[in-house]
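Student: Top to bottom, those sequences are chains A and B.
Just so you know, we're using my numbering here: the first sequence kicks off at 375 and counts up by one.
Just so you know, we're using my numbering here: the second sequence kicks off at 375 and counts up by one.
Among these hints, one or two may not hold up.
Pairs count within a copy or across copies, as identical chains cannot be separated in the list.
Capping the alpha-carbon separation at 20 Å, the derived lysine to any residue pairs in SDA-like fashion look like this [stated by the list, open to error]:
| hint | residue 1 | residue 2 |
| --- | --- | --- |
| 1 | K467 | G392 |
| 2 | K467 | R500 |
| 3 | K467 | P509 |
| 4 | K467 | V397 |
| 5 | K467 | K639 |
| 6 | K467 | D399 |
| 7 | K639 | E548 |
| 8 | K639 | P622 |
| 9 | K639 | R556 |
| 10 | K639 | E535 |
| 11 | K467 | V398 |
Quick caveat, the hints were computed from the structure, so don't treat them as lab data.
The model shown is predicted, which means the values in this text are computed figures rather than measured ones.
2 protein chains.
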Amino acid sequence: MDEREALRALAGTVPEAGDDAAVVDGLAVTTDMLHRSTDFPAGTTQYTAGWRAVAASLSDIAAMGADPVAAVAAYAETSLDWGEIEAFVRGAKAVCTEVGGEYVGGDLDDHEELTVTSTVVGRADRPVFRSGATPGEAVCVTGTLGRSAAALELFERGETERANELFRFTPRVEAGRTLAGRAGAMMDSSDGLARSLHQLAEASDCGFAIESPLPVDTTVEEIADTAEQRREMGAFFGEDFELVCTVPEEALERLREELSVGLTKIGRVVESGVTLDGEPLPDRGYTHG
Amino acid sequence: MDEREALRALAGTVPEAGDDAAVVDGLAVTTDMLHRSTDFPAGTTQYTAGWRAVAASLSDIAAMGADPVAAVAAYAETSLDWGEIEAFVRGAKAVCTEVGGEYVGGDLDDHEELTVTSTVVGRADRPVFRSGATPGEAVCVTGTLGRSAAALELFERGETERANELFRFTPRVEAGRTLAGRAGAMMDSSDGLARSLHQLAEASDCGFAIESPLPVDTTVEEIADTAEQRREMGAFFGEDFELVCTVPEEALERLREELSVGLTKIGRVVESGVTLDGEPLPDRGYTHG
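In isolation and in its complexed conformation, chain A is listed as follows (with noise of 0.2 Å):
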């Protein structure tokens, strides 16, 4: 089975784990491997794997309208080298202290290839659930998608500085924090739009109608070639970390002035299906590897 399969079945005897991170007893828990062969791309520096390794919990957190905490990880290499994981620490407390929590150290290990897994917590006062979704409500997503399939167009073209900045993406922690209590849904777009809002979706028992155009991230509009490559990778490429949300209709207006990103709105919550421009959208993205 793959990855995706296991996780439904896994679902199933731990209930807690259908969502973007665990609330258990007021706290939200989340943990992510990451391996250089199918995560960091060859160019990706330490410091940037640091970031983005704690950068993809502290969003499944924000995902949660969950405040972080604390973050830990645990890396593996086949030799240790001190200035390496000091690079990897100093990206992973940067991050941290961008958005919030406290980066407190993890565990050392051997293994054949660069392996980090990451976790954090974070207080879940008021968590959002991927379950919560109502027709009616506006589907809404912060800053821009297509970031990260654009860093990985600039990684193979060799244009390494500014890869690894589009890499080094800031978890939408505040986002989710000023959306807790009021986003009837919510999750991250790590597998990319398409399949986020299919997840969303089976857990709310409801449909999307989602209009184009989405809004992309401004490398995607330089590198790509064709509407339909700027569609790849802005509805379907994913490991964006961006928020995908529902709320009323009636609050998009307040939020917008209350958040320092921007929130667009891509569609409207429906009884069943899930379409882009009327046309089904396809339930594929991206499987973590």
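Once you have looked at the hints, place chain B on chain A.
Tutor: Relative to the frame of chain A, chain B by itself:
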């Protein structure tokens, strides 16, 4: 550099990383990465692996005198098999049911070999650190030592059922909770008694005068052929996950009445030097692979 050197260096960057678990804002967090090749000998069942992986982190939480709230595990294997994952999860949940905390799932991934990162978060209202030992206090250890050393020998002999049972240790969460606010210093014996004592001595700037006999597991008595082997298994092998702590002499009797696990006085805190029966106790033990 080896893991220990790197950890020490890391502790300089991340001051919270020098104890069994980091404590931030009333929460204790710990993470541990385990691999089949170094941590799960041939014959270890998936149920035992799940139990032991989460138990190792629960032990770190216990060593802070904290209350476990939630446990997560990131699980990677060459190919994901639902039966194996299910058995792993059952083991992970079982140990949480036994000592407290809720197992709430985690992440699944492909990897070259079974690699598990378990993380536990707990509430730490009265955390006990490694640094609080005071000369004159009694040095104590919970339960018995040498259990994992004996298990490894049994795995080698093909007595896998008994070996698995020994491997599924009970983290001393209840004892840790009882010792919180009363022990001067505490840590678990995962690196072996000798190394634990040296780490406590360094953190507390003190010494320990230890007297034999050490409380050794009955299986060690059965398996070890010589007194030298018993000593090796009890004092140095490690991976036992008992609590090593210092407590005021006058508190000992009361603590023993309250605890459901044995608490053996093995010596006393002195100004400097770590000795066993008057001879220097070498600072060696298990270096986690």
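Student: Compare the structure with each hint and give your call.
Tutor: Outcome of the hint check:
Only between protomers do K467 and G392 lie at most 20 Å apart by alpha-carbon distance; the minimum there is 17 Å, versus 28 Å within a single protomer. For the identical chains of this complex, K467 and R500 are neighbours neither inside a copy (26 Å) nor across copies (26 Å), given an alpha-carbon limit of 20 Å. Proximity of K467 to P509 under the C-alpha cut-off of 20 Å is found in neither arrangement, the shortest distances being 40 Å within a copy and 37 Å between copies. When the C-alpha separation of K467 and V397 is checked against a cutoff of 20 Å, the pair qualifies only between copies, where the shortest distance is 16 Å, while the shortest distance within a copy is 24 Å.
Within a single copy, K467 and K639 get their C-alpha atoms no closer than 33 Å, and across copies no closer than 41 Å, so neither meets the 20 Å cut-off. In this assembly of identical chains, K467 and D399 lie within 20 Å of each other by CA distance solely across copies; the values are 17 Å between and 27 Å within a copy. Proximity of K639 and E548 under a CA criterion of 20 Å is satisfied intra-copy only: 18 Å inside one chain copy versus 51 Å between copies. In this homomeric assembly, K639 and P622 come within 20 Å of each other (Cα to Cα) only inside a single copy, at 11 Å, whereas the closest approach across copies is 63 Å.
In this assembly of identical chains, K639 and R556 lie within 20 Å of each other by CA distance solely inside one copy; the values are 15 Å within and 56 Å between copies. In this assembly of identical chains, K639 and E535 lie within 20 Å of each other by CA distance neither inside one copy nor across copies; the values are 32 Å within and 58 Å between. For the identical chains of this complex, K467 and V398 are inter-copy neighbours only, at 14 Å across copies versus 25 Å inside a copy, given an alpha-carbon limit of 20 Å.
Checked against the numbered hints given earlier, the structure breaks hints 2, 3, 5 and 10 and satisfies all the rest.
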